[in-house]
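Q: Given chain C, work out where chain L should sit, using these hints.
For the protein sequence lines, the chains are C and L, in the order given. For the first sequence, the tail end lands on 305 under this note's numbering, and the numbers increase by one without skipping. For the second sequence, the tail end lands on 349 under this note's numbering, and the numbers increase by one without skipping.
Among the hints, a few may not be true.
[Claimed, not checked] Below, simulated DSS-like cross-link-like pairs (lysine-lysine); rule was C-alpha separation at most 27 Å, straight line: (1) Lys328/L <-> Lys289/L; (2) Lys245/L <-> Lys100/C; (3) Lys289/L <-> Lys324/L; (4) Lys324/L <-> Lys253/L; (5) Lys318/L <-> Lys289/L; (6) Lys100/C <-> Lys318/L.
In case anyone wonders, no lab produced these hints; they're calculated from the structure.
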Amino acid sequence: MTTQEALIFLATSTSQAAADAMRVFAPEDVGAGPVSVVVPGREPFEGLSVPAVMTSISYTEGAGGNFFAMPLTAARKLAEAMIGMPSDGVGDELSELELSAVGEAMNQMMAAAAASTSATLDLEVDIDPPQVVVATTHKELGIGFQGDTRTTTAVISVFGEPCMLAQLIPPGFTMRLTQTRRNAPAPSIEPEDEQIVAAVRGVPLRVWAELGRTRLPSAQVAGLGDGAIVDLDRAADDPVDLFVNGSRFATGRLVVDGDDWAVRIEEIFEHPEVPITTGGNP
Amino acid sequence: MARVLVVDDAVFMRKMVSDALTKQGHEVIGEASNGAEAITQYQALSPDVTTLDITMPEKDGVAALREIVGIDPSARVIMCSALGQESKVLEAVKAGAKDFVVKPFQPERLAQAVEKALA
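With the rest of the complex left out, here is chain C (with noise of 0.2 Å):
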């Protein structure tokens, strides 16, 4: 993979993460439009119209960050869909009331576009809080180079009115990109190997993540009662492992996926360990 195809690889599976956090609030009226790579010294937002509510994070590591910017007739148009009641803001003002409404949709849009970013690179992608202006020159929504990062559009239409994701990707997003495709080619199967394959695809296999464990003597275990603590040799902040049929083949990262818990993977063992037994050591 190139680094222009890496870019773009990145800036596709933000952008849909983020359209689809914004249909949350508008789900007939949001579109994933083009995505494109933004020639160096130039501003993407150059061609948007203003007045514009734009929203920004930056990852609390590297030089990167999301922005969205978005024309204030479609904030306002956004803003009446997620109040439920017409505007009550005056010609290009919006009221306290819209703006708040437009900045936590953006918001959980800037969340999940960070979060999209982690999954796709396998990285922890960090971000700072963010923030949220309303630009009224494309001045105000200059973003600026910094060295060797590269920048990303993609726009995404609300209410008909198109809006746009700007990406600031630092070199090292990309290398790491560039180097997971690449050491991971598909792994080719002769023909007549094919119907094994085929047969041991079916397989079901368990597989479970762990928090962490312990040893205790059995005198406490016994004396545990209702609402005990047991203390794990886990810190809340190190990875799970994750095991299949008893051999620990990857650690990862708890996540929420919906209501439930999911584990993010952030590294396959080339030679899973062997399975251990129980009582063994661990």
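A: Showing chain L alone in chain C's frame:
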């Protein structure tokens, strides 16, 4: 029916949460827009349940939760978070939050969380 303190920096989210809770028969006895205000309001109002946004200026939700639990170990607090804040959610649950809802949330999910916190 519960007496609820609603904490979120976005006035829109406070309105949404308050409207949903009121419709479910609860009473919203106070609102706060940051963590520091949340602590003051908690001490003044002694709510049955508190909903606490995680990302807020001044003092964030997790820091406010720690102080509230310090003041009242039996405090019933529900965290509200956006996507991608799993590590903060985990921290909050460890620090004593009774439940969490992920934004954008359905009113039924909020009702369920309040019921769970009251149980």
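Q: Taking the hints in turn, state whether each one holds.
A: Status of each hint after checking the structure:
Only pairs whose Cα atoms come within 27 Å are accepted, and lysine 328/L paired with lysine 289/L is accepted, the gap being roughly 20 Å. For the hint pairing lysine 245/L with lysine 100/C, the CA-to-CA distance comes to about 18 Å; that is within 27 Å, so the pair holds. Taking the CA atoms of lysine 289/L and lysine 324/L, the gap is near 18 Å; set against the 27 Å cutoff, the hint holds. For a cut-off of 27 Å, the pair hint linking lysine 324/L to lysine 253/L is broken: about 31 Å separates their Cα positions.
For the hint pairing lysine 318/L with lysine 289/L, the CA-to-CA distance comes to about 14 Å; that is within 27 Å, so the pair holds. Simply put, lysine 100/C and lysine 318/L have alpha-carbon atoms about 33 Å apart, too far for the 27 Å limit, and the pair is violated.
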